[in-house]
Amino acid sequence: MKILVCIKQVPDAESNPEIRRDSLWIEEDNIAFRFNRYDEYALEEALLIREMISGTMVDVITVGPERAAAVLTKGLEKGADNAVHIKCDRCPLTSSQTAHLISNYASGKNYDIIFAGVMSEDAMQCTTGPMIASLLSIPCAVSALKTSVDFNKKSIAVESELEGGIIETIELSIPCLVTVQTGIKQPRYPSLSGKMRARGIKPVVINGDCIEDDLTDTLYTLNYPESGVKGLTVTGSAEEKAVKLMEILHEKGLII
Amino acid sequence: MKNSDRYKAIAVIDTIEDKILQQSLELIAFTGQLYRNEPSSVLLLITGRNIIEECSVLAAEYGFDIAAAEHNSFYYPNPDLLVKTLHKLQEKYKPEIFCLTHTIRNCSAAAAFSADCGMRCITGIESFSVTGTGRMFQRSIFNGKLKEEIVVSGQQLAVTVNPGAFQLRQDDTVVEREASVEKIEVDEEVSGYKPVSLSESSDVESSLEEADVIVAAGRGIGKPENLQMVRDIARMFDNAAIGASRPVCDNRWLPYRHQVGVTGKTVSPKLYLALGISGSQQHIAGMKNSQCIVAVNVDPHAAIFSVADYIIVEDINVFMPELLKVYHKKNS
Numbered sequence: 099m100k101i102l103v104c105i106k107q108v109p110d111a112e113s114n115p116e117i118r119r120d121s122l123w124i125e126e127d128n129i130a131f132r133f134n135r136y137d138e139y140a141l142e143e144a145l146l147i148r149e150m151i152s153g154t155m156v157d158v159i160t161v162g163p164e165r166a167a168a169v170l171t172k173g174l175e176k177g178a179d180n181a182v183h184i185k186c187d188r189c190p191l192t193s194s195q196t197a198h199l200i201s202n203y204a205s206g207k208n209y210d211i212i213f214a215g216v217m218s219e220d221a222m223q224c225t226t227g228p229m230i231a232s233l234l235s236i237p238c239a240v241s242a243l244k245t246s247v248d249f250n251k252k253s254i255a256v257e258s259e260l261e262g263g264i265i266e267t268i269e270l271s272i273p274c275l276v277t278v279q280t281g282i283k284q285p286r287y288p289s290l291s292g293k294m295r296a297r298g299i300k301p302v303v304i305n306g307d308c309i310e311d312d313l314t315d316t317l318y319t320l321n322y323p324e325s326g327v328k329g330l331t332v333t334g335s336a337e338e339k340a341v342k343l344m345e346i347l348h349e350k351g352l353i354i
Numbered sequence: 002m003k004n005s006d007r008y009k010a011i012a013v014i015d016t017i018e019d020k021i022l023q024q025s026l027e028l029i030a031f032t033g034q035l036y037r038n039e040p041s042s043v044l045l046l047i048t049g050r051n052i053i054e055e056c057s058v059l060a061a062e063y064g065f066d067i068a069a070a071e072h073n074s075f076y077y078p079n080p081d082l083l084v085k086t087l088h089k090l091q092e093k094y095k096p097e098i099f100c101l102t103h104t105i106r107n108c109s110a111a112a113a114f115s116a117d118c119g120m121r122c123i124t125g126i127e128s129f130s131v132t133g134t135g136r137m138f139q140r141s142i143f144n145g146k147l148k149e150e151i152v153v154s155g156q157q158l159a160v161t162v163n164p165g166a167f168q169l170r171q172d173d174t175v176v177e178r179e180a181s182v183e184k185i186e187v188d189e190e191v192s193g194y195k196p197v198s199l200s201e202s203s204d205v206e207s208s209l210e211e212a213d214v215i216v217a218a219g220r221g222i223g224k225p226e227n228l229q230m231v232r233d234i235a236r237m238f239d240n241a242a243i244g245a246s247r248p249v250c251d252n253r254w255l256p257y258r259h260q261v262g263v264t265g266k267t268v269s270p271k272l273y274l275a276l277g278i279s280g281s282q283q284h285i286a287g288m289k290n291s292q293c294i295v296a297v298n299v300d301p302h303a304a305i306f307s308v309a310d311y312i313i314v315e316d317i318n319v320f321m322p323e324l325l326k327v328y329h330k331k332n333s
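Top to bottom, those sequences are chains A and B. My numbering applies: residue 99 is where the first sequence begins, and numbers increase by one. My numbering applies: residue 2 is where the second sequence begins, and numbers increase by one.
Derived from the structure by calculation, the hints contain no laboratory data. Do not take every clue at face value.
As the list claims (entries may be wrong) - Straight line, CA to CA, 25 Å or less: simulated DSS-like cross-link-like pairs of lysine-lysine:
| id | chain 1 | residue 1 | chain 2 | residue 2 |
| --- | --- | --- | --- | --- |
| 1 | A | K342 | B | K85 |
| 2 | B | K224 | B | K85 |
| 3 | B | K148 | A | K350 |
| 4 | A | K328 | B | K148 |
| 5 | B | K195 | B | K20 |
| 6 | A | K350 | B | K195 |
| 7 | A | K328 | B | K289 |
| 8 | A | K342 | B | K289 |
Unchecked claim - Under 10 Å between C-beta atoms, here's a sample of chain A residues computed to sit facing chain B:
| id | residue |
| --- | --- |
| 9 | V108 |
| 10 | Y139 |
| 11 | L260 |
| 12 | L290 |
| 13 | S291 |
| 14 | M294 |
| 15 | L320 |
| 16 | P323 |
| 17 | V327 |
| 18 | K328 |
| 19 | K342 |
| 20 | I346 |
Just so it is clear, CB atoms sit at the ideal spot from N, CA and C, and this is done for glycine as well.
Let's have the full structure, built from the sequences with the hints guiding it.
See below:
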């Protein structure tokens, strides 16, 4: 089997991003970047399938500037066989642009399954995966917690999470695309041998800067949320805050 | 019947097992605000196996025209077939905007449909305003720490709207208008997408909905051992339950039945005490209607503070022992 896993480098959610002067993206200087968490689960799913079906090959692909190569290295260290870097300095890209770049690459390469995280932690759109599937005209299931491949039937059963914790089982014919939710199987850490092996693999680099500008007919700006804080800030030392909170809860009759 | 320009918006009302999901009726409020006092410019699409009757009831109640798409494969949510149905409506009406509620299935359908048509797709809309150049849609990114503002004019759009962002009000109903119900024929071509079964996750049973007080733990608790303090705090209250953010459940520190949020439980207790929860949009959507929200987090920019009634900036692993100490001092 041939599997492609779409991975993204995202700014750490714990960092407090400052908006860049053009209001299109953030200042990157003091921001840590890392592997999108959902994509780690997507890669894990692919690596587990490779362990079960011999002869399976797992490729990782990312779209982004130079710095995004770090997630490809991490992907290779975890066990991916090959890496593809579609280099594109423009930030941010719309999910439609990313989907076009990845589907252009994947088209005609006979991938049986394409995995992606259910969303990226920064843009939170849940759209890139289904768009890739649509552009390649292959079926797509989203928010998978578990997959099982039936190699002879050329199909994959996907246990997929709906809102409210309901689980739906969907059968997809191969080739297909599956987006993965965090959950059941904890992503592995790179092994020492994985790290050694990764050093010998150079990602294939493709120029992605040729992609059409999607935002020309649209005005796009980043902003800080209105200081939506309507609540009362409780101040003082930790002990004083605890005392004050207890008084508040008492006054409101929430605690005896 | 002249079809072009007839409907400016098509809103997809969600069903599951032929039942209309009440939350998705919020799209009536959303499209109502987009096209003020023009119920005739909005068409509701309702899918199911056998839903004509439900459609007639809804049309009479709200005064919106309805397109009913009946098919066996619509008994469960079916984004694949929904996309095909949207194409039919696109051919027929070419509306300005296709609106869906922001669920994971609908995001998939909106994304696939917009990619097919080369349409712009915006998911997770929280609000919009009208500017000189067009409509400006707002959505959160970076876990609520920043906001995207997207002004669109002229192009066709497919959007998903956050649950709870637009509340259905009394005056959205009872529109004095004779509304029609039209049947949309859908034929399922051979498809690689087959819904097989639907089951409640094995551990969704929990007392979260009945609790007066929810003490909820987030990633900020650091390690599972610290859950003991969370439990001790819950014991300070009558009828309290333990809630959790998704990462806490993903880390197996607590079972998924404790998860509050879009993919877990939606709750509205008298008191929601959020301990070390940063407040992802997913989580906030599941608890923001609580009567009183107290949030404790070491990060003064944590998104959870935007919905909190009482804000405490403190490391919870410092704060929790202090709170327990104060409580025990008072009650000894």
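Quick rundown of the hints versus the structure:
1. A C-alpha spacing of about 57 Å is found between K342/A and K85/B, which places the hinted pair above 25 Å, so the restraint is violated.
2. Distance check on the hinted pair: K224/B and K85/B sit about 47 Å apart at the alpha-carbon level, beyond 25 Å; violated.
3. Between K148/B and K350/A the CA atoms are separated by roughly 34 Å; this puts the pair beyond 25 Å, and the hint is violated.
4. Taking the CA atoms of K328/A and K148/B, the gap is about 18 Å. The hint holds against a cut of 25 Å.
5. Only pairs whose Cα atoms come within 25 Å are accepted, and K195/B paired with K20/B is accepted, the gap being roughly 20 Å.
6. In summary, the hint linking K350/A to K195/B is not supported, as the alpha carbons are separated by about 52 Å, beyond the 25 Å threshold.
7. Our distance criterion of 25 Å between C-alpha atoms is met by K328/A and K289/B, whose separation comes to about 13 Å.
8. The straight-line distance between the Cα atoms of K342/A and K289/B is roughly 23 Å, inside the 25 Å bound, and the hint therefore holds.
9. With a cut of 10 Å, the hint placing V108/A at the interface with chain B holds, because the nearest CB-to-CB distance is about 9 Å.
10. For Y139/A, the interface hint holds, the least distance from its beta-carbon to any beta-carbon of chain B being 9 Å, beneath 10 Å.
11. Look at L260/A: its Cβ gets to within about 7 Å of chain B, closer than 10 Å, so that hint holds up.
12. The criterion of a C-beta within 10 Å of any C-beta in chain B is not met by L290/A, whose closest approach is roughly 24 Å, and the hint is violated.
13. The interface hint given for S291/A is violated, since its Cβ lies 26 Å from the closest Cβ of chain B, which is over the 10 Å cut-off.
14. Evaluation of the M294/A hint against chain B yields a violated restraint, the C-beta minimum of about 29 Å exceeding 10 Å.
15. For L320/A, the suggested interface contact is upheld, since its CB lies about 5 Å from the closest CB of chain B, less than 10 Å.
16. Interface hint status for P323/A: upheld, as the beta-carbon distance to the closest one in chain B is roughly 5 Å, under 10 Å.
17. Annotation: V327/A was flagged as interfacial toward chain B, and the flag holds, the nearest CB pair being 6 Å apart, inside 10 Å.
18. Annotation: K328/A was flagged as interfacial toward chain B, and the flag holds, the nearest CB pair being 8 Å apart, inside 10 Å.
19. Residue-level restraint check for K342/A holds (minimum Cβ-Cβ distance to chain B is 9 Å; threshold 10 Å).
20. The interface hint given for I346/A is met, as the beta carbon of that residue sits about 6 Å from the closest beta carbon of chain B, less than 10 Å.
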